[in-house]
Amino acid sequence: ETGVTQSPTHLIKTRGQQVTLRCSSQSGHNTVSWYQQALGQGPQFIFQYYREEENGRGNFPPRFSGLQFPNYSSELNVNALELDDSALYLCASSTDRRNTEAFFGQGTRLTVV
Amino acid sequence: SQKIEQNSEALNIQEGKTATLTCNYTNYSPAYLQWYRQDPGRGPVFLLLIRENEKEKRKERLKVTFDTTLKQSLFHITASQPADSATYLCALEGMDSSYKLIFGSGTRLLVRP
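Heads up: the sequence lines are chains A and B, in that order. Residues in the first sequence are numbered from 1 upward in steps of one, following my numbering. Residues in the second sequence are numbered from 1 upward in steps of one, following my numbering.
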C-alpha cells in the first residue's frame, strides 16, 4: 500500500451535478497531483498543488478545480458534470514537485449518467 | 507537442521468459523517465526511475534502459511470473514548467503459467 487514500472509491452522478473527490497524501508529502484516466488510456494530468498553491495545470476546463489543505490532504471539485467526465480519478503525492516517484491512491471511479 | 508511445497490443509470454516492453517518445528530451505498474481498477505503482545520464538501471528482476539518441526506453522483466501480469506505464516529466507527468497508454503483459 502507498499510504495515499482516496474517497469515495465509486460514485455515480447525474449530468450537470457537482462532485468533490478527496485524497489523503502520504505522510511527509507536500505535493499532490490529480489525474484523470479513461478506460484503456494512461492517466492525464489535471493539476498539481504544492504547499496549498496550484503549481501547474493540464488541459482541463475551469470547472475542474482543487484545494490542498495545511495537512496536505486535497480535494478535486468538478462542476457541471458531463458524460465524458466518467473516468478513474487518481491522486498522487510526492516529496518533490517534479514527481520523481509519485505515490498513487487507488482512485475514485466516477460514472456520470 | 510531446508524444509517448507504448505498444497497445498485449504482450503474451510464457512463465520464466523475459518480457520486454517498449516506450518511445518524440519532441522532447526528458531529464528522466519512469515506469509504473497498474493492476485493473487500481492506481499505478512506481517501479523505477532512470535519468538521462544513466544507460541502465536494475531492481531485482527488473531492468530499464534509456537511449536518449533513439528516444526510447526498454523495460525488461526477467524470469517472468504470472503475478507480473499487469499493465505497465511509462511516464515522462512535462516539457513545460507545469511539473506534470505525461503517461503513455500502457502495455498489458500477460504471463501464462
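Don't read these hints as lab results, they were simulated from the structure. Please note that the accuracy of each hint is not assured.
Claimed, not checked - In silico contact screen, one side only, chain B against chain A (beta carbon under 10 Å); selected entries:
| hint | residue |
| --- | --- |
| 1 | 34 |
| 2 | 100 |
| 3 | 106 |
| 4 | 110 |
Here the structure is a predicted model, which is why all the values come from computation and not from measurement. From the three backbone atoms N, C-alpha and C, an ideal C-beta is built for every residue, glycine too.
Of the numbered hints stated previously, which ones are contradicted by the structure, given in increasing order? Of the numbered hints given earlier, the structure breaks just one, which is hint 4.
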